[in-house]
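S.K.: The residues making up each chain are set out below.
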Amino acid sequence: MAARSPVATTGYDWTFRRRPQRRVRRLGRLAAEHPLGVFGLVVLMGFVILGVLGPYIAPYDPRELRAGQPFAGPSLDHPFGTNNLGQDVFSRVIAGARISLVIASAAVFFGAGLGALLGMAAGYYGRWVDYLLQRSSEAFSAFPALVLYFLLIAAFGQSPKTIVFAIGISALFSGNRVLRGATMIEARSTYVEAARAMGCSETRIFLRHVVINVLPLTVVLMSGALGAAILAESALAFLGLGVEPGTPSWGIDMSGQNLSFARLGNWHIVVFPGIAISLVVLAANLFGDALRDIWDPRLRK
Amino acid sequence: MRQYALRRMLYLPLIIAVVSCLTFFTLRLPVSRDPVAYHSTQSTTVEQQEAIRKEFGLDKPVLQQFVTWLGEVARGDLGKTFRSNQPVWPEVQRRLPITFEILALALTFSTLIGVTFGVLSAVKQNSLIDYCARFFAVFGQSIPEFFLLVLLIVLPSIWWNYSPPVGGHVSIFEDPWENLRLYVPPAVVLGLGGAAAMMRLTRSTMLEVLRQDYVRTARAKGIAGHRVVLAHALRNSLIPIVTLLGSQVTVLFFGSVIFELIFSINGIGQFFFVSVTTLDFPVIQFLVLYSAIVVVVLHLLVDLSYAVIDPRVRYN
Numbered sequence: 001m002a003a004r005s006p007v008a009t010t011g012y013d014w015t016f017r018r019r020p021q022r023r024v025r026r027l028g029r030l031a032a033e034h035p036l037g038v039f040g041l042v043v044l045m046g047f048v049i050l051g052v053l054g055p056y057i058a059p060y061d062p063r064e065l066r067a068g069q070p071f072a073g074p075s076l077d078h079p080f081g082t083n084n085l086g087q088d089v090f091s092r093v094i095a096g097a098r099i100s101l102v103i104a105s106a107a108v109f110f111g112a113g114l115g116a117l118l119g120m121a122a123g124y125y126g127r128w129v130d131y132l133l134q135r136s137s138e139a140f141s142a143f144p145a146l147v148l149y150f151l152l153i154a155a156f157g158q159s160p161k162t163i164v165f166a167i168g169i170s171a172l173f174s175g176n177r178v179l180r181g182a183t184m185i186e187a188r189s190t191y192v193e194a195a196r197a198m199g200c201s202e203t204r205i206f207l208r209h210v211v212i213n214v215l216p217l218t219v220v221l222m223s224g225a226l227g228a229a230i231l232a233e234s235a236l237a238f239l240g241l242g243v244e245p246g247t248p249s250w251g252i253d254m255s256g257q258n259l260s261f262a263r264l265g266n267w268h269i270v271v272f273p274g275i276a277i278s279l280v281v282l283a284a285n286l287f288g289d290a291l292r293d294i295w296d297p298r299l300r301k
Numbered sequence: 001m002r003q004y005a006l007r008r009m010l011y012l013p014l015i016i017a018v019v020s021c022l023t024f025f026t027l028r029l030p031v032s033r034d035p036v037a038y039h040s041t042q043s044t045t046v047e048q049q050e051a052i053r054k055e056f057g058l059d060k061p062v063l064q065q066f067v068t069w070l071g072e073v074a075r076g077d078l079g080k081t082f083r084s085n086q087p088v089w090p091e092v093q094r095r096l097p098i099t100f101e102i103l104a105l106a107l108t109f110s111t112l113i114g115v116t117f118g119v120l121s122a123v124k125q126n127s128l129i130d131y132c133a134r135f136f137a138v139f140g141q142s143i144p145e146f147f148l149l150v151l152l153i154v155l156p157s158i159w160w161n162y163s164p165p166v167g168g169h170v171s172i173f174e175d176p177w178e179n180l181r182l183y184v185p186p187a188v189v190l191g192l193g194g195a196a197a198m199m200r201l202t203r204s205t206m207l208e209v210l211r212q213d214y215v216r217t218a219r220a221k222g223i224a225g226h227r228v229v230l231a232h233a234l235r236n237s238l239i240p241i242v243t244l245l246g247s248q249v250t251v252l253f254f255g256s257v258i259f260e261l262i263f264s265i266n267g268i269g270q271f272f273f274v275s276v277t278t279l280d281f282p283v284i285q286f287l288v289l290y291s292a293i294v295v296v297v298l299h300l301l302v303d304l305s306y307a308v309i310d311p312r313v314r315y316n
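Taken in order, these protein sequences are the chains called A and B.
Heads up, the first sequence is in my numbering, so the first residue is 1 and it goes up one at a time.
Heads up, the second sequence is in my numbering, so the first residue is 1 and it goes up one at a time.
The shape of chain A in the complex, shown without the other chains (with noise of 0.2 Å):
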């Protein structure tokens, strides 16, 4: 903070050239230090490229029926081979990636994020914000994830939006714990009163002291959840109860009709897709673990 001075007249700002450097060798020792986070950061965000640029990238045509001969074993031209279609497997999976990855981000966006917001204000501001969240966090714990999953479809159907719904509210109860918790601490430390001593007012330190050191948090709440939302959501899709049965998705793609198929010994319909949110969960638990390693300052050794 004391770097950038507040008389900053001369033209020639060094801190402006200093900064950036040093940033850049404080990632590098943070990468050094966590490379299972580095690798999960890295597969992370080769999914996320297949999923923006998939349908460039992919052979063929997800939903192409015939691009080759139904049942193909992997091979040269389908290295993932091809399903009952002949629908080749490979560009499915490539494809899954961005169903997959919109739902869960989304669902972990709004429902974390709220969540985190809703916490902070009733960590900080306490009474009747605080008691309304607490009592409806109590009741939603009755719930188990499977339950809400299921009361949610049966009453709105069975739509992509209805599982962004149901994952995010899930996230939003867990994100307005942990938020609420931090918040509370960070609001009666010495800082904080030392601010308020100073003449801040209370929005000022809620905005530029509490928030600002509870959001790292945040970051690392939404982390963690995404992988837990990648295989919510997986899971709702191989019961189809995801997004309509065709789509190209890893959950629908290893069930039912595929699931019979493989069986039979056509093991690489379900094998790939099975891989494919694995490795993605993987990837988001790592990178999950690795910032919490970072900055939750309560774990750290």
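There may be inaccurate statements among the hints.
Said to hold, decoys possible - Here are the computed lysine to aspartate or glutamate pairs in the DMTMM-like style, where the Cα-Cα straight-line distance is at most 25 Å:
| no. | chain 1 | residue 1 | chain 2 | residue 2 |
| --- | --- | --- | --- | --- |
| 1 | B | Lys54 | B | Glu91 |
| 2 | B | Lys80 | B | Glu55 |
| 3 | B | Lys124 | A | Glu33 |
| 4 | A | Lys161 | B | Asp34 |
| 5 | B | Lys54 | B | Asp77 |
| 6 | B | Lys54 | B | Glu72 |
| 7 | B | Lys124 | A | Asp293 |
| 8 | A | Lys161 | A | Glu244 |
| 9 | B | Lys80 | B | Glu91 |
To be verified - Where chain A lies over chain B, by a calculated footprint (3+ residues, C-beta under 8 Å):
| no. | stretch |
| --- | --- |
| 10 | 20-26 |
| 11 | 59-68 |
| 12 | 138-147 |
Read the hints as simulated data drawn from the structure, not as lab findings.
By construction, the Cβ of each residue, glycine as well, lies at the ideal position given by its N, Cα and C atoms.
With chain A held as given, fit chain B onto it using these hints.
M.R.: Showing chain B alone in chain A's frame:
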């Protein structure tokens, strides 16, 4: 402690009331799906639709429906299923033991494996066994259980041209051997995710406890190594382990549904799933309520077990 338990039990009706309200009205919001529409085809006339609506009891105002339903449930009448017009409770009752057995097997397995390897890897920190256990724990938490179950039936069919039996339920009382042969492999697979979480938690808790002074004192007194670890250290690591155990039951609900659907087992999970897809309101309402009660009682048991594990715990 008894007072605490009683006070907590007082919350139970309150939570049940909130949960039943939420469930009932979520299903009947103006934007919610209509079971009558599900049960009618293109050739169903408006009069027939009204008849179906009347038969389901959905023709009355929502509040009246709610009061009627509450009264019936309080008298032990859970209503009849929409799709087959059968009383709900016997349908649930005959499926309960199946799902209970799956949950119990998976939970037993995940706890045994998780705690054993957690303790081993904490005692032998940074050894080969520690690295292996941690490696598998990271994987176990990332691979979806449905993928593992799929692999369980697909891989043997490739390698040995053998498919594990799918479907059919044999009661454990009639033929225990056949029953376990059917259920143990999938239950083991189902428990792997839980075992991974349990292992990580046990390891980190044990590492913390093993560093404490009283462990060193115990060793200095000459108590055998395994006794120090099991009787002194593990005993004091039990609280987080039991807490995780409680929350794993609810996580396993999900796994149980997938397990029952893949292996065509007619348990509660499959019943719930079919009821959700066919909008069978009475079943959905009861199962949500039932699982809420199970969860609340489970949380209470976990809280009460703290005093048994650690006599210093006092409830206020």
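S.K.: Now tell me, hint by hint, if it's right for this structure.
M.R.: Consistency of the hints with the structure:
no.: 1; hint: B:Lys54 to B:Glu91; verdict: 23 Å, holds
no.: 2; hint: B:Lys80 to B:Glu55; verdict: 10 Å, holds
no.: 3; hint: B:Lys124 to A:Glu33; verdict: 23 Å, holds
no.: 4; hint: A:Lys161 to B:Asp34; verdict: 18 Å, holds
no.: 5; hint: B:Lys54 to B:Asp77; verdict: 19 Å, holds
no.: 6; hint: B:Lys54 to B:Glu72; verdict: 17 Å, holds
no.: 7; hint: B:Lys124 to A:Asp293; verdict: 22 Å, holds
no.: 8; hint: A:Lys161 to A:Glu244; verdict: 12 Å, holds
no.: 9; hint: B:Lys80 to B:Glu91; verdict: 10 Å, holds
no.: 10; hint: 20-26; verdict: holds (count 3)
no.: 11; hint: 59-68; verdict: violated (count 0)
no.: 12; hint: 138-147; verdict: holds (count 9)
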